[in-house]
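Chain by chain, the residues run as shown.
4 protein chains.
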Amino acid sequence: MVVTLKPGADREKADKLSDFLSSYGVKVNMNHGEDNDVLVLVGDTHKIDIDLIESFDIVASAVRISDPCVLSGRKNHKDDTIIDVGGVKMGGGNFVTIAGPCTVESEEQIIGIAKQVKAAGADILRGGAYKPRTSPYTFCGLRKEGIEMLVCAKRETGMPIISEIMDISHLDVFEDVDIIQVGARNMQNFELLHELGKQKKPVLLKRGLSSTLSELLMSAEHIMAEGNPNVILCERGIRTFENATRNTCDISAIPMLRSLSHLPVIADPSHACGISDLVIPLSLASVAAGAGGIMVEVHSNPECALCDGNQALLPSQFKTLVSKISKIRKAIE
Amino acid sequence: MVVTLKPGADREKADKLSDFLSSYGVKVNMNHGEDNDVLVLVGDTHKIDIDLIESFDIVASAVRISDPCVLSGRKNHKDDTIIDVGGVKMGGGNFVTIAGPCTVESEEQIIGIAKQVKAAGADILRGGAYKPRTSPYTFCGLRKEGIEMLVCAKRETGMPIISEIMDISHLDVFEDVDIIQVGARNMQNFELLHELGKQKKPVLLKRGLSSTLSELLMSAEHIMAEGNPNVILCERGIRTFENATRNTCDISAIPMLRSLSHLPVIADPSHACGISDLVIPLSLASVAAGAGGIMVEVHSNPECALCDGNQALLPSQFKTLVSKISKIRKAIE
Amino acid sequence: MVVTLKPGADREKADKLSDFLSSYGVKVNMNHGEDNDVLVLVGDTHKIDIDLIESFDIVASAVRISDPCVLSGRKNHKDDTIIDVGGVKMGGGNFVTIAGPCTVESEEQIIGIAKQVKAAGADILRGGAYKPRTSPYTFCGLRKEGIEMLVCAKRETGMPIISEIMDISHLDVFEDVDIIQVGARNMQNFELLHELGKQKKPVLLKRGLSSTLSELLMSAEHIMAEGNPNVILCERGIRTFENATRNTCDISAIPMLRSLSHLPVIADPSHACGISDLVIPLSLASVAAGAGGIMVEVHSNPECALCDGNQALLPSQFKTLVSKISKIRKAIE
Amino acid sequence: MVVTLKPGADREKADKLSDFLSSYGVKVNMNHGEDNDVLVLVGDTHKIDIDLIESFDIVASAVRISDPCVLSGRKNHKDDTIIDVGGVKMGGGNFVTIAGPCTVESEEQIIGIAKQVKAAGADILRGGAYKPRTSPYTFCGLRKEGIEMLVCAKRETGMPIISEIMDISHLDVFEDVDIIQVGARNMQNFELLHELGKQKKPVLLKRGLSSTLSELLMSAEHIMAEGNPNVILCERGIRTFENATRNTCDISAIPMLRSLSHLPVIADPSHACGISDLVIPLSLASVAAGAGGIMVEVHSNPECALCDGNQALLPSQFKTLVSKISKIRKAIE
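Residue numbers (the working numbering), protein chains in the order written: chain C, 47 to 379; chain X, 47 to 379; chain V, 47 to 379; chain E, 47 to 379.
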């Protein structure tokens with residue numbers, strides 16, 4: 047159920063209403079909109095009398111939700127959401143380049159690459175510390191230590207940073223991380239999404255390997271319904287029968303998501319294809335299709351990378367890519 | 047790396063070796079085999095000198111792992127694993143019928159259904175308490191309270207129980223649950239798998255919607271490498287282009303998994319097809335293909351079920367199914 | 047448009063009506079039903095005035111088709127269709143075993159295998175002569191000569207025979223073939239389907255690699271709308287992301303097709319899995335799921351087979367399979 | 047087997063060799079290369095003695111084919127193939143825009159649209175006459191009459207034309223058609239491919255709905271091995287689990303095919319997505335990814351189109367697209 051308050055509704059009365067609604071055994075999340083405050087009730091609301099709620103003087107309307115994307119969808123939120131990440135703006139026509147190694151390997155490595163990608167035009171630094179790995183016998187990241195090294199690189203370069211979280215219990219470690227990434231395998235780890243919804247840091251939500259766009263939006267909704275409106279959607283390739291590329295980069299997801307949702311939409315061509323030679327054409331394709339940003343892996347020495355070296359660009363290739371992206375952005379204006 | 051100790055190796059010396067190996071920054075898990083104890087090293091082992099390890103007098107051999115399914119695969123473990131679940135045996139030619147409602151709705155409901163399925167021949171009672179739901183605005187289970195009701199039904203009927211876990215932090219709640227189920231969406235939630243590997247309760251691991259059999263076995267390996275050998279594999283349908291059924295029940299996965307692994311393999315046709323009319327033919331097909339058990343949803347009043355009612359069998363249909371299964375098992379002997 | 051004639055409508059008048067309808071530029075196919083004759087109009091019927099047609103005295107009703115499976119679907123044809131193939135009955139509770147080599151290699155080979163599979167209990171002999179091959183540089187069958195050898199085996203053993211057609215222009219060669227098979231790759235070769243609809247020989251229509259059940263039924267409809275009601279549907283595996291098996295045998299298609307259509311439904315597990323060890327469990331699963339027959343590859347010397355040897359059963363394995371099938375059929379009665 | 051002749055080998059001797067090879071029961075296709083003539087033997091070559099063939103004085107080498115893409119692959123043919131279509135060049139860095147209605151509806155319609163797309167910058171006119179339709183009860187094109195109208199539009203505007211063939215028997219009708227299109231459903235209709243290989247008109251080969259890139263190249267090889275080197279590859283969307291778009295446009299196929307093959311590669315975003323709003327972003331993405339052309343559907347009155355109107359661009363939208371494509375092509379140079 048969504049209860050929309052009248053513009054300028056008294057905050058104290060709103061809190062009392064919220065308490066009253068909670069007494070029905072549902073979770074009540076307050077969302078402060080531009081014009082109105084909105085209470086989102088999560089859980090079983092069938093016992094709540096809509097007429098009763100609408101009789102409160104601060105209430106403009108109360109509606110049972112049939113649209114599972116009431117917050118993430120474009121319908122009730124015509125304008126693009128713009129998210130500020132340490133001064134870098136995402137969404138609403140802004141374009142953001144996120145670059146860095148697949149995995150943080152050492153302080154020296156991450157600071158070195160950070161400086162290179164910054165010089166080449168990157169806006170945000172990426173680096174994996176907690177790495178989900180299919181086999182238990184492969185390198186799974188430096189974990190807490192890796193995040194600390196990434197934070198060093200942030201201090202050194204001034205770039206905002208993004209890294210993937212794998213479990214709620216690690217949330218404290220991400221204090222200085224600017225965007226928390228939820229990986230494809232965790233797109234429907236709802237307990238994790240709920241906890242990320244209870245804090246305010248931007249969340250980059252990657253599409254699951256076999257998730258529909260509708261499911262991706264509903265996962266964004268799980269975060270937003272808990273109170274965090276700062277969700278960024280990321281296409282990263284889906285699993286199909288084709289095995290010439292690791293995954294099939296679904297470029298059509300980009301314009302489709304932009305039409306369905308007001309949230310920023312970016313693409314991660316590195317994971318989608320798994321082959322560095324394809325990263326540049328797919329990045330350019332994503333931009334031409336209207337992506338609001340790309341996230342690519344860059345490594346100064348791909349052959350020695352501890353993880354996914356064959357999909358990493360060299361810093362020089364990345365520089366060329368940034369320059370081409372800028373031309374394509376002008377071409378499609 | 048896998049370090050196999052000599053038969054009858056001194057336990058104290060083994061502990062010292064384990065400490066020594068841990069000093070390389072890897073996790074060391076002790077597995078007590080029938081003949082030998084085996085140390086499984088998880089993490090980056092490339093700095094460890096194999097010759098040095100083999101020079102310890104209690105060590106029979108030390109091998110770097112190239113096979114990511116060294117524990118879950120059939121190669122090093124020819125005989126079927128048999129898992130005892132509160133007196134019910136799974137694997138090794140035993141057949142187990144797991145039945146119950148999709149969701150625990152009330153104490154009365156779960157006890158009622160438990161008695162009916164037991165009378166009809168079920169071995170283990172299922173019931174969802176923590177429900178992963180695509181949309182945040184749908185009923186998500188009674189959670190802790192649901193588990194408590196399920197435990198009541200266990201006490202009332204003497205049946206072992208199984209329920210799905212969604213996050214590590216709920217583990218305490220599952221103390222009296224006999225099998226912990228990991229759902230399809232969490233098959234690659236590695237942090238959860240690791241925690242479930244650190245305890246000894248049997249884990250029923252469902253195949254992810256777009257996971258290969260190889261990935262399913264590697265997820266089992268994540269649990270086993272942490273020290274818990276009690277993993278049950280479950281085929282529950284994969285996502286394909288076909289939409290006449292909710293998912294495509296991959297029956298060939300059953301004989302294939304039995305050939306690749308020594309772990310018990312069961313099928314969940316209810317979730318695979320999502321249509322009660324198909325549950326009986328697909329259950330029989332699973333048995334004919336060699337499944338070591340089936341898990342089906344049974345509800346005494348499917349039209350009023352809070353969740354997935356259209357895939358539930360009536361208790362009377364379930365009874366017919368049990369009888370047909372028994373005939374098919376004789377036919378394929 | 048479907049024009050249903052009154053029972054016992056005068057044949058001469060019916061022919062005149064048919065000519066009249068043809069003058070609108072549509073194809074008119076006459077279907078002789080048990081009670082009524084039915085004219086099926088294929089093509090653009092929007093210029094035809096329904097009221098005018100209904101005013102003919104032999105016309106019971108004229109209906110524009112919104113259901114694209116008006117002939118193949120169960121809705122207007124409650125009873126199972128039974129097709130007689132040289133004395134062997136398919137559909138309506140009958141069970142048929144089709145066996146033989148992937149490819150006819152020589153007269154000696156096909157006659158030898160024919161005798162073996164007949165002795166083991168096969169009803170119909172299969173053998174490929176025109177072989178669709180992904181690569182142009184592989185053996186593509188003995189073509190016309192292969193069909194002639196198959197016909198020899200039919201004369202020698204008295205078994206009806208089935209073989210795959212690849213192009214309309216080969217139709218003459220199939221004069222003595224009892225069932226014409228349309229392979230997965232040609233399921234939507236509509237020109238071929240139309241020609242096969244203009245003759246009366248039974249057509250075994252295999253599901254395309256990525257065809258939905260709805261598309262399979264519409265392809266059957268293409269044949270039936272031209273006047274041939276003798277279509278047999280065959281599940282043979284679909285293409286998914288899983289590569290442990292060649293294709294994913296969609297066993298749920300069997301009960302689903304039986305519910306959607308009155309046509310006989312059989313399964314071809316050999317092509318579905320591509321591995322002989324899986325052929326027996328998948329055959330048994332198909333039978334348990336309600337298939338009205340199976341088609342399997344049998345070769346007396348699989349290692350030397352010119353094509354697909356690794357999916358062929360030995361005659362002795364086939365004999366065991368036939369015996370198990372018979373037990374399972376009793377179990378599910 | 048591929049028999050490469052010495053440069054300048056005597057034509058008469060070559061013919062005699064060809065006759066000799068044919069006596070082994072294989073088909074021998076002569077390919078005239080830039081430097082050498084090459085004989086491609088299709089069929090079972092295992093009885094042919096390689097040493098004997100190499101002893102002919104005009105033979106440079108004889109090699110049994112292990113690579114099924116010996117003609118279509120990049121390995122033996124480093125330079126891009128350039129195909130001349132009535133003065134329009136395809137491949138080798140040239141860019142071609144193919145536009146027109148899904149279906150030819152009348153002479154007036156096709157000439158009208160032809161003039162509009164030509165004015166907007168199209169190079170080649172498309173128009174369907176033989177339409178493969180899933181249901182037999184939908185408009186299936188004007189067939190021969192439709193081709194004749196398309197030829198009128200060619201005469202009127204001077205544009206080369208392309209249309210889809212559905213069966214070998216229609217080949218005569220395509221005499222004045224410049225490119226013969228093989229649709230996705232016929233990509234593995236090998237008899238059709240072989241006939242198209244025996245003539246010299248360029249063939250545009252669309253990727254099947256569930257065909258791998260490797261299978262697409264092998265289908266091209268079927269055409270080329272019969273003697274026709276003029277094959278154009280076309281990505282048109284694959285079938286996946288996602289249903290927000292009709293198919294999933296696999297943009298990564300474009301750079302991948304260009305790397306694997308020397309043949310021209312184009313994209314058909316109209317069929318891939320089925321939604322006109324996505325046609326522009328996907329066309330631009332295809333160009334950015336390196337496509338050598340696009341084929342899009344344009345209709346002056348999409349709401350009244352007899353077929354697929356919701357994926358057609360208006361002539362004005364097409365004009366905008368052509369202008370943006372030209373900017374993107376400059377950006378990626």
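Any given hint could be a false lead.
Said to hold, decoys possible - In silico lysine-lysine, DSSO-like type, Cα no more than 27 Å apart, as pairs: (1) 62/X to 190/X; (2) 376/X to 164/V; (3) 365/V to 373/X; (4) 373/E to 365/C; (5) 124/E to 161/E; (6) 244/E to 370/C; (7) 370/V to 370/X; (8) 73/C to 190/X; (9) 365/C to 376/C; (10) 190/E to 247/E.
What the hints assert, rightly or not - Calculated Cβ distances over 10 Å to all of chain X for the following chain E residues: (11) 256; (12) 289; (13) 373.
No lab work stands behind these hints: they were computed from the structure. Here the structure is a predicted model, which is why all the values come from computation and not from measurement. Just so you know, even glycine gets a beta-carbon here, dropped at the ideal spot from N, CA and C.
Right, here's what the structure says about each hint:
no.: 1; hint: 62/X to 190/X; verdict: violated, 41 Å
no.: 2; hint: 376/X to 164/V; verdict: holds, 26 Å
no.: 3; hint: 365/V to 373/X; verdict: holds, 21 Å
no.: 4; hint: 373/E to 365/C; verdict: holds, 21 Å
no.: 5; hint: 124/E to 161/E; verdict: violated, 38 Å
no.: 6; hint: 244/E to 370/C; verdict: violated, 43 Å
no.: 7; hint: 370/V to 370/X; verdict: holds, 15 Å
no.: 8; hint: 73/C to 190/X; verdict: holds, 16 Å
no.: 9; hint: 365/C to 376/C; verdict: holds, 17 Å
no.: 10; hint: 190/E to 247/E; verdict: holds, 18 Å
no.: 11; hint: 256; verdict: violated, 8 Å
no.: 12; hint: 289; verdict: violated, 7 Å
no.: 13; hint: 373; verdict: holds, 36 Å
Hints 1, 5, 6, 11 and 12 from the list above are not met by this structure, while the remaining hints are.
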